[in-house]
Amino acid sequence: MAGSTASGATGASAAGGSASGGSAGGAERTSLSAQAREAVRRRIVDRRYALGARLVEREVAEELRMSRVPVREALRSLVAEGLLELLPHSGVRVRRLEPDDVRHLYEVWEPLAVQASRLSARRVARCAPEEPPGLAELRATLGHAERASDADDGASEVAAHTAFHEGIVALSGNPLLARTMEQLSWQLQLLFGMRAEPDHMRAQHRLIYRQIAAGDEDTAAASTLLHVRDSQAVALRSLFEAGGDSA
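With my numbering applied, the sequence shown corresponds to residues 1 to 247, in that order.
Hint data in this document are derived by calculation from the structure and do not stem from the laboratory. Yeah, the Cβ is synthetic: ideal placement off N, Cα and C, and Gly gets one too. One should not assume that every hint holds.
What follows is a set of in silico ranges between Cβ atoms, one per label pair, in the way DEER data are often shown [said to hold, decoys possible]: (1) Val79 / Thr180: 10 to 20 Å; (2) Asp46 / Pro129: 33 to 43 Å; (3) Arg58 / Arg229: 40 to 50 Å; (4) Thr219 / Arg58: 45 to 55 Å; (5) Gly215 / Gly154: 28 to 38 Å; (6) Leu176 / Ala128: 36 to 46 Å.
With the hints as constraints, model all of the structure from the sequences given.
In structure tokens, the structure reads:
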């Protein structure tokens with residue numbers, strides 16, 4: 001909600017916002033906080049909340065038809081995830097991306113993505129001739145992305161491309177890698193949604209899948225490295241060079 005004025009999104013508890021005793025009340029509040037976090041995340045990624053927009057706790061709570069306590073907790077969580085940033089005195093705003101933000105994100109994602117492809121291909125090779133759990137789902141995300149591209153449905157294609165990379169992580173079978181990547185997922189999805197997906201990068205996805213499915217960890221890792229570096233170059237060019245979309 002661009003242009004809103006700030007309020008204490010991360011400040012003291014609002015009247016009536018204190019949790020009642022008992023585990024049931026705490027669990028209910030946690031569930032509502034998770035729902036609020038997901039709803040605000042989706043609005044950021046879909047650009048309904050523009051980059052740089054100040055989010056007012058009261059207004060977000062009214063929009064989501066929730067009390068302010070779970071919304072406040074959700075906004076705090078999204079600050080920790082890097083989708084929101086604290087304002088100097090009070091409140092939060094949707095984080096604006098600078099070139100260094102993009103570079104820093106890719107510096108972290110690159111080795112994790114390469115290792116995920118390597119481990120996934122290794123797992124496929126070890127399970128041969130059977131398919132390990134997750135390979136069919138990874139294949140399906142490519143179909144979703146291609147159908148979305150044919151339908152010129154950018155939002156669905158972005159979601160499918162994000163799911164493809166998440167699927168590689170899941171296929172790797174490494175829970176620590178999965179937890180680490182989870183912290184980057186929404187930032188990546190936001191970034192993917194801000195730039196066009198060139199045809200050669202769609203082809204790279206298909207190639208990476210084939211190499212993982214063949215159990216070829218070295219070529220899968222090499223192709224993933226190329227893909228991530230191409231993705232970074234496209235993002236920087238699209239967002240910050242003259243004639244590109246402004247972040």
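The hints, checked one at a time:
no.: 1; hint: Val79 / Thr180: 10 to 20 Å; verdict: 19 Å, holds
no.: 2; hint: Asp46 / Pro129: 33 to 43 Å; verdict: 42 Å, holds
no.: 3; hint: Arg58 / Arg229: 40 to 50 Å; verdict: 43 Å, holds
no.: 4; hint: Thr219 / Arg58: 45 to 55 Å; verdict: 53 Å, holds
no.: 5; hint: Gly215 / Gly154: 28 to 38 Å; verdict: 33 Å, holds
no.: 6; hint: Leu176 / Ala128: 36 to 46 Å; verdict: 25 Å, violated
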